[in-house]
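Novice: Going down the list, the protein sequences come from chains D and C. The opening residue of the first sequence carries number 294 in my numbering; numbering runs sequentially from there. The opening residue of the second sequence carries number 294 in my numbering; numbering runs sequentially from there.
Possibly wrong hints are sitting among the right ones.
[Said to hold, decoys possible] Example chain D residues on the side facing chain C (calculated, C-beta under 10 Å, incomplete): (1) V434; (2) G447; (3) A466; (4) R496; (5) M497; (6) N502; (7) R533; (8) F544.
[Unchecked claim] From the derived model, a few chain D residues whose C-beta atoms are all more than 10 Å from chain C: (9) P459; (10) A499; (11) F568.
These are calculated hints, taken from the structure and not from any lab test. Just so you know, these numbers come straight off a predicted model, no measurement behind them. For every residue, glycine included, the Cβ atom is placed at its ideal position computed from N, Cα and C.
Number of protein chains: 2
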Amino acid sequence: MLGGGCPQQWISGTTGVLPASRWTARRDSKLGAFRFNLRSSSRFKHLVRSLICVTFWQTPARPVNVSVSCRRWVTLHDGHSALVEASRARSDLTVVSIFVNPTQFGANEDLNAYPRDFLRDEKLCRNAGVSIVFAPDAREVYHPSRFETFIEPGELANQLCGAFRPGHFGGVATVVCKLFNMVQPDVALFGQKDFQQCAVVRRMTADLNLPIEIVTIPTVRDPDGLAMSSRNKYLSAEERGRALAISRGLFAAGDEFRSGGRDVGKLIAIAKRHFETVDRLQYLELVDADTLKGAESPLRRPAALFAAAYVGSTRLIDNVILQLPAYHVAHPNDRSCLGKDVVGLSLLDACVHLADPTQSHGVTGQALSGPAIRRIAGCLRKPM
Amino acid sequence: MLGGGCPQQWISGTTGVLPASRWTARRDSKLGAFRFNLRSSSRFKHLVRSLICVTFWQTPARPVNVSVSCRRWVTLHDGHSALVEASRARSDLTVVSIFVNPTQFGANEDLNAYPRDFLRDEKLCRNAGVSIVFAPDAREVYHPSRFETFIEPGELANQLCGAFRPGHFGGVATVVCKLFNMVQPDVALFGQKDFQQCAVVRRMTADLNLPIEIVTIPTVRDPDGLAMSSRNKYLSAEERGRALAISRGLFAAGDEFRSGGRDVGKLIAIAKRHFETVDRLQYLELVDADTLKGAESPLRRPAALFAAAYVGSTRLIDNVILQLPAYHVAHPNDRSCLGKDVVGLSLLDACVHLADPTQSHGVTGQALSGPAIRRIAGCLRKPM
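Build out the structure end to end from the sequences listed, making use of the hints.
Specialist: Shown next as structure tokens:
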């Protein structure tokens, strides 16, 4: 069949083609499917530059458990390494996509100024044990004259950062959907620092019935608490010191929540005190973790506190989850919810939350029977 | 892995669940994949009513060549049988989706009045040799409170019927994307009568990198020329006679084109003469077959003539292709382009068209080398 067959006849890449001599496919009788191996001597082991390679690689030799650490923001840092590590722990093959996406840059945002150092990124991926780096050319991702289909996320995309960056999350949803369909992973991992991005992708994946599990990995921080970000390199030493206000403020609110505080106004006020050293606080919002709309006081549902602030001319974002949304514990194998940024969650919270169908996220609530909850409970007891 | 594993724990259907006793999976060593078999005594052989069945059915037992005749308009007729026949000819397993999609009905269009006779449709599918009828419940397709992601097609969706039905093709693109992801076919077939729908779906599939081949099957007509449609049943005998004006007008223009006529105004005028017996001509447009925008005179590129007209209170649409767009001949195995509605195509046309990169459709132009064109030529010489 042409649909799943060799695309060589009718697709050609512009930036590289993976010759047949560079890969082998081996049938895994236990799984009833092919495992795909790139020859280790090939530079393509770490670097797939063109759509044709991915198309080749999907069929008939599609590996069974692929996860993709879906990164569109470079340069890579240790936060991305944590994504790779989490992906390797659960998958046979880890693909990292590196693609600076033109459709998520606004009219006033400079695509070309965005920091990128592809060779360094590729090396970082190689050292982290990534199987394939997928870095397609923008002209292959977006056909220069024909591309015209966009994904429009709903209200989730208009909250928080979305209110200040119109169209941004539409661009994110569109490119992530495209990358998902190119790579066809079973699991995709995103960092919690971009929680709204995770929420939009998770909603899009559920709404469009993409057969992909979305996993959120806790934010990785420097020892002093600053959330890792490609943008931190823009900060001077003095600015960096002042930028600590963001995580300190969020953590203070987290402490208050853990001590039993449920008053939204008070939690925000506690955080806000710390923000005096930033140059401009763009927003500080305590929102429902599912809808990203303002949380009702006193807090009774999963919630998270988000901040965006300028230090010098650098815009930084961060968040803490005050109570975990259902999907974090809906998958018994998913222990990503146990990271250090998760505060205030108890086993009881999780079970009560899961047992309440009005709080279920997507399809999860209905199906969580006694055994499932016991399995989750087992997970929660295990250390990371 | 949860992503591709058993969903039983965390998805449950509302209208039916396929018990494990009703299906078997057998590994096909030649294909290196599972073939899925529903037990023949099961009514589920022909009727899958719930998402869980499809999810079960995807992994690990996903059949290799699935095609889906993607029908959202019921009641079914012989035009749909032709889709099933074409699908069976190229696939191991044919899935028909029957779903009356609420998101493609406008504010003034009555969803509940749309004709549907599910039992009759299911029987028709069974008789036609359909493997699975996929008829999910609307509440499973669109989560009642959470669904919010839509696909926004571009300019293609605003032409022709789209100009009179704002939002319609956005609803079509969204539900087709969802059905594609639920069923995961290798090939999807659509009838040429809904040419604009095919064009939007084809564009969406390419733009979002869905790994699915879109095939257009020629319009099936009654012996007198009337294009088959679920709506024909609304016509009185007298109205039916007058409705023949539509196909007669289009065919007359097709004859003129075949005789060498390339003047857009003249081709339209020849068709228009026949339309006197309809009650209202909504549009009659000669458009570029790729962009669906008004064709330039004299015709040099693939073009098609479209009409929408009211006879009594029934709105009917029809079209003829005057010269085939590239994708119709881009797949050497696809002979659907050789149907009776295709007029004016010669082997020379096809080869010239394919050799001209400015006329290529999506990825096809670049890859069509000499051998590919020879293969196509071989195809064109064969009878249907």
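Novice: In ascending order, which of the hints set out earlier in this document are inconsistent with the structure?
Specialist: 7, 8 and 10
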